[in-house]
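Given chain A, work out where chain B should sit, using these hints.
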Amino acid sequence: MNKVLLVTLLWCVGLSIVTAQTRSINGVVRDAAGKTPIDGATIKALGAQRTTSSSEGGAFSIEVASAGDSLLVSFIGYDQSVVHVGPDVSTVSIDLTVSSESLQEVVVTGFGLQQKKESLTSAISSISSQDISRSVSSTASGALVGKVAGLNSRQTDGRPGAETALKIRNMGTPLYVVDGVQMSPGQFNNLDFNDIESISVLKDASASIYGVRAANGVVVVTTKRGQRNTSNTINVTANYGFQDLSTFPKPANAVTYVEKYIQSETVQGVDSYRFSAEDLEKWRQGTEKGYVPFDWYDYIWETSAQTYLNANVSGGSENINYYFSLGHLNQNDVIVNYGGFQRTNVQMNITSQISEKLKIGGSFNARYERTQNPGVPGGDDLWLPRFATFRNLPIVRPFANDNPAYPTLTSNDPGTNFAWLNYELSGKFRETWRVGQLNFDAEYAIVDGLKAKALVGYYYAGQRLDNHEYTYQLYGYDEATDTYPVIFQNNNPWRERRMGHEERMNSNVQLNYSKVFGNHNVAVIGGVETMLINQPTTWVHSIPVSNNLPLIDFESLDTYDDLGDRPEARLGYIFKANYDYANKYLLEFMGRYDGSWKFPPGDRWGFFPGGSIGWRISEENFWKDGKMGTIANDFKVRASYGLVGDDDLGSVDGVPIYAAFDYLGGYNYKQGGAVIDGKYVLGTRPRGLPVRTLSWIRAKMFDVGLDAAFLDNRLTVTLDYFRRERTGLPAARYDVLIPSEVGFGLPNENLNSDLHQGYDGMVRWSDRAGELSYAIGGNITYSRFYDWDRYRPRFSNSWDEYRNSLVHRFGYLNWGLEAAGQFQSWEEIQNWPIDNDRQGNRTLRPGDIKYVDQNGDNVINGLDERPIGYRQNETPILNFGLNFSFAWKGFNLAFDLTGGGMFTFYQEWEQRNPFHDGGNNPQSYLEDSWGLADIFDPNSPLIPGKYPMPLIGNSAHSNYWNSTFWKHNVRYVKLRNIEFGYALPTRLLEPLSIKGVRVYFSGQNLFTVSNIEGVDPEGDATNGLGYPTMTIYNFGVNLSL
Amino acid sequence: MVKTTVIACLITVFAGCSEFLDRDPDRIFDDEQVFADPALIQSVLANFYGRVMWGQHINDSYTYTILDEAGKSDGGPDNIQDFSNTLWRVYDYELIRNINQFLEGLRASDALGEEDKLAYEGEARFLRAWVYFNMCRGMGGMPIVGDEVFDYEVGMDVTALQFPRSTEAGLYDYIISECNAIAEFLPDQPTVNAARANRWAAMLLKARAAIYAASLANYNNKMTSPIRTPGGEVGIPPELAEGYYQTALTTAEDVINNSPYQLNMTQPGNLERNFYEALSVKVSNSEVIWARDHIYPGAGQQTGFTRVNIPGSHAEDIDRAYAGPILNLVEAFEYTDDRDGTIHIRDENGDYIFYDHPEDAFANKDARLGGSVIVPGAMFKGEPVILQAGQKIWNNGSWQTRTSQPGDEDSEGRLITSSNGPNNSNEQYINKTGFFFRKFLDEAQGASTRGRNSEMWFPRLRFAEALMIASEAALELGQQSVALDYLNQIRERAGIQPLESMTLDDIIRERRVEFAFEDHRYWDLKRWRRAHVVWNGVQNNPTATQYALFPYLVVAPGTPNDGKYVFDRRPFSNSPFPRFFQLRNYYNFIDLAWQNANPRIVLNPFQ
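Heads up: the protein sequence lines correspond to chains A and B, in order.
So the first sequence is numbered by this note's numbering: it starts at 1 and just counts up by one.
So the second sequence is numbered by this note's numbering: it starts at 1 and just counts up by one.
Looking at chain A on its own, in the form it has when it is part of the complex (with noise of 0.2 Å):
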């Protein structure tokens, strides 16, 4: 409904273009190369506000302004063209180049400043939005991945509205600015990602110009916003997808449960099993009633839709340009009869050139997102029914007599059985944020060449968390009378209500200024910029009187807990120069004079320079004139280093190391406290030690790269080494005897230091082939993390330091013992020289693990575990992702391929106990693992399998220590996004005054190789049941207007 009435609204905009008086001319479209002639290319007449496109052989014909005009020609595949058709012409031939990653291309390089590619110094990769919109995930992160040299990638969770957690160089979380505003990754990932027009990642020194916040790169988004002197264009997105686990265990049956829990007790020797022979021939046939098995995975687990619509209008006129997008997501959750994750979006962009010398510019963006689920138990509401699939024995059923009114028990967890979790029996979960961004910004032309420009950000986020769980009733079933009695009450109603917002206030002042001197190019900038945070929140929770009831009153309030303001402050004063002389040496300067909040007055404010230059021997003659000039037509080396900063000094276990006002002695309020006369009395807790001695983190940025392009730029490179080390990690020197019984630890001081070093780089190779125009490009990321110095690191022998050192070394390793094989029979266990489960091997049955002696002392203990893996819960060392896109005539393809490597998946819980905590394995699990001829009898012969036979209650076994066997080291390739589209004819659409229509198929994560089973490799849940990532099938059509 809504959707229909903004299609109509901007119909009107659109129709209230002017007409000017216009003449006819004609021309034909051709290859710049080949000479060949382009069939449908789209040719537009920015004056008369006319749209056509070329036909066989190339030719069009359009209306053209009597007074002269603007012919902009485009077609997939080749850069755009721009031809000037003077008042007496009436012929035109445009010859189109094919696209690459243009020279031309400009790079926002930070602060509202730009570049072009060729004159670039630092390790900057920019991405348009072309690239971007190619994806169908739900978040800005998402969409990013596998398209940028430089970044890690890893996505946990793939729950509806989830990010992918984005990496810079595997650096640690980095900075956002969106349209020239420090942002959370949240913020960013909001974004409605066909609003983007561009994205710069800023790999090197070239952050440093935002300064203490910037240590781990920064992601620098710019909106859309309209062109002047064009057209009016309205533009509609509309997708339908379907969405599906792409990876997830599958629990084992009930037939296969049941053998295998029999061979259990079989082997263990119980005196009265738990299923009969009789019982396993019932569960096998499948028909009796109380013998019916159930399929818990299919009963939880569902395909659902993901859609997703979006209408843009964006044009300008001589003074005025304008971009309005509105777009809302709705994504399902996957599991039945649960909700998901809804976002709107509105972007509104308008500048104004007031005078020739003041310009205005306004934007507004905002959102309103909303997740919503039943109001299950436990603080992750999307768990219960993850946690159910193994749960509930496939031997168990959801209702009493089956009878669909009355749920049962079906573990010793009530919580399990998946047929209460709906949103009549359990309740409600509903998370709102309404969030507004509005900026102002101005600049004015002060002299020739010198310009000052100002932007004013206010930002406004409000959430507001209600939750709202019921009480219920489980229900068993007495055949004898027909009844239903309750066998399980919950009396546990929980309703909370978290009410917050965020605020922040940005302004940023700054003057411009840049001239050109013959062969001598020159720009300088210098600026200051604030930034202020207030982030006040309340959480409530009542103990509702009755599941009808929403509100909550004070008298059913049991806490009410107010997290204050929370500010934060940042100042910052900016200067850069950059200085070219005949676009050959290029030099660039830059600084940041920046304070946080965070440190003691007198000490809270830090210098963070940085500096690149460059080369392009391209531009030498020797080069141009040479032989390397016709392969080689652009080659550029450059190198950067610069100090950046951090004042976030990191957490242990969720506590910061240094928080604000650490450094005010005192005592802290409502901390701790005791019941005490009866009633309760909140704490005020000392504070111990004021903090004076620790300072910001400060990070040394250093980059070698180079830039090359060759054979008339199809074929670009790119290729970068980096190495960032940081120093004043916090540490104490432990070495100054301060006795602990003085009752406070030393201080933390600024001691330590860690390194990133790794290498990145891109290739790719544009051509067109008669009628096809393809490209292919590759890119990839390898950035691995050391440990580095230690404030005076000791060591009581040479095992210690083998084993805890931390000088010098990769970081995060990940030990473990090395599996060798298994068991193949009683007699090689007999004879086994070494003890394997210091048990004297008297636990050991055929089919166990074996480990090796490293240590060659015949028993296998701690002393023999060595590095066996990389990093678990982070992102990869290795990314990369292989790019590719096809064109023909109407028709396109792209599909991009993500992958990565060096990182470890560690399968535990349900992936490796056997019968874990009285639930289920997965079956690949169970029918994969050693078994008996005749699960009766022990005696019977052993079938062998990839898996230790699995026995009850054995979790504690030499089978299941940490090993090799255990302990993946992931490697993985996704077909991570693919596009199929055509585009109709434009002399079909003319006639109904529409511009462009498209129809396309788009997909995601449609297939993944990897070598872990079972579980998405991307996810680092231990227990293999994280919310994996999804496989989307979605159909789309674009329609201009």
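You may find that some hints are simply not true.
Below 27 Å or equal to it, Euclidean Cα-Cα: the simulated DSS-like pairs (lysine-lysine) are [unchecked claim]:
#, chain 1, residue 1, chain 2, residue 2
1, A, Lys679, B, Lys282
2, A, Lys515, A, Lys453
3, A, Lys116, A, Lys627
4, A, Lys670, A, Lys116
5, A, Lys627, A, Lys584
6, A, Lys889, A, Lys995
7, B, Lys117, A, Lys670
8, B, Lys117, A, Lys679
Simulated from the structure, these hints should not be mistaken for lab results.
Same frame as chain A, but now just chain B:
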């Protein structure tokens, strides 16, 4: 004109912004603000009261499964065997420093009258003595740092801050003298729900410190090789024993004779209920002297003990049956007329004894059993707690065991395995010992829900302890009749026969059943140097291995025993290894980092 304005604006912006970075914290006070406001002074004290929970306690049910009192029922077996070198180690000099900061501020404060200041000082010093006591019973003598508040400047001479460890005797002496010093400052009337320390809390702590010191001086030196360090940081000379026993006796008698407390006797007609109320009901309680109180609402001011340990049949939320008492403890309770507490499950021929009701097997037991443990068939909140492992089926002259999924019935509609358990499995939320806790299990509506939790308190000092200390001290001082008099007061309340003579073994057993789950047994067995004997690590040693008791319904149609109940005694499947207390466990290890930072700290024996 515009040009000038723009430039003027720019200059303003670029210039002074230094105050922009000054922001106010939301909840930080400086010292002056705190000590000018009586409400904040009390708030600081409340913080200290909230920080002194150590050892075994109801906020950590796991601590009950380590010894021989309870077993973990949640999930698969544990591997508990050895005791950790840092088990229940307390080393909280940060709290001592905080208390000293508080004392310094308090003494300088003029927001309170002299009397109130002294009362606050008394409470703060009581808590400080309590911290030292908890350190001392784990590690022996530790540095006594006095009242000074230490500070640190980079580059200062730190050797002045290096305190040596006190002797073990010296630290107990310090605790005793502190208790003496503050006795006059503290009120002598009971406080609300015993949440604040009064004179009698100080006196009972003093008596406890004295009896600990006395028994260490006595029994440590009776070992073949006493545990001690050359400097006396560990080990108290034997000649000090008598003096400590005397102090313990007179102090305990002071509490017995002069305090307003007595053994709780709210339900003289039902001694089981009476004992439950003595520990688990705050209203009209005449026995508890000092406790950690809990209340709803209040952030973190409740205990989850009831929620995690309630029988499944009575659960109000998802959690239940984390742990349950084991048979070892149940059999330590005597019968009213038989000191052998073994549950009668087989007759002299080795055949089953058949009971009409499962609870009949526990008839005539010490009333404290029913007040501390829910036995199979016992009532909780007016409903029976069914514990049934399965059925015993009489089949051609032998018994067959039949078990099922918890809660399943046979074709005749008779229960097989109760939904409560017990069973042998790795399932969560199913009992595996055959018993549930009753002591500290809250009967209030909603006490087992996650949204509310329980207001159950945790008593730390109570009148019965004064009687037990007096009895033990009198016994060791050779005053047998005095000792018997005190001990029999305890036994009388439990409804069991009085003793006519006694030895230390009677004290040991009485304390075990009287103070079950109250954080005494571990420390008691240590100070008597019995722990390594009781928990000797030998498989199948009845005191080191944990046992469970499984009730079964008899299915023998046509026989008189059909429908009756029998019991199997079995090693507790969820903790298969015997407890192994080694000599090194008598004292916690000293952390090497403390020694690194203070070279004057000597290490403990066996370290």
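How the hints compare with the structure:
1. At roughly 14 Å between alpha-carbon atoms, lysine 679 of chain A and lysine 282 of chain B fall within 27 Å of each other, so this suggested pair holds.
2. Between lysine 515 of chain A and lysine 453 of chain A the CA atoms are separated by roughly 17 Å; this keeps the pair inside 27 Å, and the hint holds.
3. As the CA atoms of lysine 116 of chain A and lysine 627 of chain A are separated by approximately 26 Å, the hinted pair is consistent with the 27 Å bound.
4. Restraint check for lysine 670 of chain A and lysine 116 of chain A: the C-alpha separation of about 55 Å exceeds 27 Å, so the hint is violated.
5. Under the criterion of a C-alpha separation no larger than 27 Å, the hint pairing lysine 627 of chain A with lysine 584 of chain A is consistent with the structure, at around 19 Å.
6. Of the supplied pair hints, the one linking lysine 889 of chain A and lysine 995 of chain A holds, its CA atoms being roughly 16 Å apart against a limit of 27 Å.
7. Restraint check: the Cα-Cα separation between lysine 117 of chain B and lysine 670 of chain A comes to about 23 Å, which is no more than 27 Å; the hinted pair holds.
8. The suggested pairing of lysine 117 of chain B with lysine 679 of chain A holds, with an alpha-carbon distance near 21 Å, which does not exceed 27 Å.
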